[in-house]
Amino acid sequence: MRPTFAFDGRDLRFQPGQSVGAALVAAGVRSWRTTRRQGRPRGIFCGIGVCFDCLLTVDGRPNVRACMVPAREGMDVRSQDGGGHADPPR
Amino acid sequence: MIIIGAGVVGAACAWYATRAGLRVTVLDRGPVAGGTTGAGEGNLLVSDKPPGPELDLALFSVTLWRALADEIGGFEYQAKGGLVVGRHGPSVEALEKAARGQRAAGAEAVIVPADDLQTYEPYLASDFAGGCYYPQDAQVQPMLAAARLLAATRAAGARVRTGVEVTGLMRSAERVVGVRTAAGDLPAGAVVNAAGTWAGDVAALAGVKVPVSPRRGFILVTEPLPPTVRHKVYAADYVDAVASDDAALQISPVVEGTESGTILIGSSRERVGMDRTLAVDVLRRLAAAAVRLFPMLAGVNAIRAYCGFRPYSPDHLPVIGPDPRAPGLVHACGHEGAGVGLAPATGELVAAALSGQSRPVDPSPFRPERFG
Chain R
1 MRPTFAFDGR DLRFQPGQSV GAALVAAGVR SWRTTRRQGR PRGIFCGIGV
51 CFDCLLTVDG RPNVRACMVP AREGMDVRSQ DGGGHADPPR
Chain F
91 MIIIGAGVVG AACAWYATRA GLRVTVLDRG PVAGGTTGAG EGNLLVSDKP
141 PGPELDLALF SVTLWRALAD EIGGFEYQAK GGLVVGRHGP SVEALEKAAR
191 GQRAAGAEAV IVPADDLQTY EPYLASDFAG GCYYPQDAQV QPMLAAARLL
241 AATRAAGARV RTGVEVTGLM RSAERVVGVR TAAGDLPAGA VVNAAGTWAG
291 DVAALAGVKV PVSPRRGFIL VTEPLPPTVR HKVYAADYVD AVASDDAALQ
341 ISPVVEGTES GTILIGSSRE RVGMDRTLAV DVLRRLAAAA VRLFPMLAGV
391 NAIRAYCGFR PYSPDHLPVI GPDPRAPGLV HACGHEGAGV GLAPATGELV
441 AAALSGQSRP VDPSPFRPER FG
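Line order of the protein sequences matches chains R and F. Position one of the first sequence corresponds to residue 1 (the numbering used here), numbered consecutively onward. Position one of the second sequence corresponds to residue 91 (the numbering used here), numbered consecutively onward.
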């Protein structure tokens, strides 16, 4: 049985060692963020941590790069609208 | 005339010279804003300048930037004001004394008591002893500013040629009468040296000395946030760091938001030549200093950093005007960290000198031959 994390509330299987972004792409998810101004879809672009396009929210923390975070059993991954911060952090 | 340098200073010289009726060609060996302009924060600061010629130039320049924002626009001009804060009684007293002097010289400065600081900046740390608000401080996106100025200048008839390196100057006896480039010789009635941190090399082509040297600075950029930091906010010791002649590393926090939501965190100063190596210890100290101003930043991601080289001149004043040692050569360089702010006033001075109009401010403190 492969491990899973939650993606927008559903279980998503991953291979140990995969990044969150790789697991999403392998599961057929191509986009998980919308741009701040025009709401356009974004997913993996550079895949190596440089472009900050593949941002999503992991365990409540927004603007995490999907390509840089190793997938872990039980993590709560959510797609993200825009900048991810509704209010400035306190 | 030919302007060497397509940074914000060269762009402003081109704009005002074209408006004065001169035929202008701008050359740059790299792209537009490829040097220090592209590595700046876009500060238009009155607040950090003591009474004197640079403050006079800055006061003139902030009015010109406002006019350029109306007339050209498209470069994220924000008349946001600056807030300088002091942590202890003595630094606040020094701040108030400086503000009185600046007011006497024509700047606007409002003393802000400690319990009023959070009205200006709700997220500011609560342990500051007081501060001063400077409504004339403003901000532009410097790369856009250079690009928009150059686009408007081209629309008015000037030429802009990037990727063309000046390799020598054409001379007729003492006079500079054009430039030599890999793309051929270009004769000109005047040559403007707006080469920023590399201006000393251009001056050397004419056999004159302009002692501009690089002073490195890093900027840390955060993830975009909802509006959090409203003004340009910096600690009182910034002014001392700017005025210092020390070559060793100095960190003085300057924090500001941008139109795109990112927060820019400066400032570091060190004279280490043109070394572009990413200095993690400098970034760490910048981040720590910024968190002392705005504790909420501790929970914010930094997403990138960049560095650039301020064109440092030994007396901290820019080098502006015709060079009597090489007639035909006009300098517009050596602005250190204030080049974006002082660009329009510099452009007006250069255009006035070349078109024979009266100078809008006294240019004598900036004369190129003052270093001997």
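By construction, these hints were calculated from the structure, which means they are not laboratory data. Just so you know, these numbers come straight off a predicted model, no measurement behind them. A couple of the hints might just be wrong.
[Claimed, not checked] Between beta-carbon pairs, the in silico distance windows are:
1. R:D8 x F:A333: 48 to 56 Å
2. F:S334 x R:Q15: 29 to 37 Å
3. R:C46 x F:R460: 47 to 55 Å
4. F:R244 x R:T34: 32 to 40 Å
5. R:Q38 x F:P417: 35 to 43 Å
6. R:G9 x F:D330: 50 to 58 Å
[Unchecked claim] Beyond 10 Å from chain F on every Cβ pair, some chain R residues (computed):
7. F5
8. G9
9. A27
10. R36
11. P62
12. E73
13. G83
14. D87
[Unchecked claim] Just some of the chain R residues that point at chain F, by a computed CB distance under 8 Å:
15. T35
16. G49
17. F52
18. H85
19. P88
Think of the CB as a built atom: it goes at the ideal place given N, C-alpha and C, for glycine as much as any other residue.
Hints, one by one, checked against the model:
Distance hint check: the CB atoms of R:D8 and F:A333 are about 54 Å apart, consistent with the given range 48 to 56 Å. Taking 29 to 37 Å as the suggested C-beta distance range, the pair F:S334 and R:Q15 does not conform, at roughly 55 Å. The hinted range of 47 to 55 Å is satisfied by R:C46 and F:R460, whose Cβ atoms lie roughly 49 Å apart. Checked against the given bound of 32 to 40 Å, the beta carbons of F:R244 and R:T34, roughly 36 Å apart, stay inside it.
At roughly 54 Å, the beta carbons of R:Q38 and F:P417 sit outside the given window of 35 to 43 Å. Distance hint for R:G9 and F:D330: a CB-CB separation of about 54 Å, consistent with the stated range 50 to 58 Å. Every C-beta of chain F lies more than 10 Å from that of R:F5, the closest at about 21 Å, which supports listing it as non-interface. Non-interface call for R:G9 relative to chain F: holds, since the shortest CB-CB distance, roughly 25 Å, exceeds 10 Å.
Interface exclusion of R:A27 from chain F stands, the closest Cβ pair being 26 Å apart, more than 10 Å. Distance check for R:R36 against chain F: the nearest CB is about 7 Å away, which does not clear 10 Å, and the non-interface claim fails. For R:P62, the condition that its CB be more than 10 Å from all CB atoms of chain F is violated, with the nearest at approximately 8 Å. Remark: the non-interface label on R:E73 is consistent with the geometry, its nearest Cβ contact in chain F lying 24 Å away (cut-off 10 Å).
Listed as outside the interface, R:G83 is inconsistent with that label: its C-beta sits roughly 5 Å from the nearest C-beta of chain F, within the 10 Å cut-off. With a minimum CB-CB distance of about 6 Å to chain F, R:D87 fails to clear the 10 Å threshold, and the non-interface call is violated. Hint on R:T35 is violated. Least Cβ distance to chain F is approximately 11 Å, over the 8 Å limit. With a cut of 8 Å, the hint placing R:G49 at the interface with chain F is violated, because the nearest CB-to-CB distance is about 10 Å.
Hint status for R:F52: holds, given a least beta-carbon distance of 6 Å to chain F, under 8 Å. Residue-level restraint check for R:H85 holds (minimum Cβ-Cβ distance to chain F is 5 Å; threshold 8 Å). The interface hint given for R:P88 holds, since its Cβ lies 4 Å from the closest Cβ of chain F, which is under the 8 Å cut-off.
Hint compliance for this structure: hints 2, 5, 10, 11, 13, 14, 15, 16 are not met, and every other hint is.
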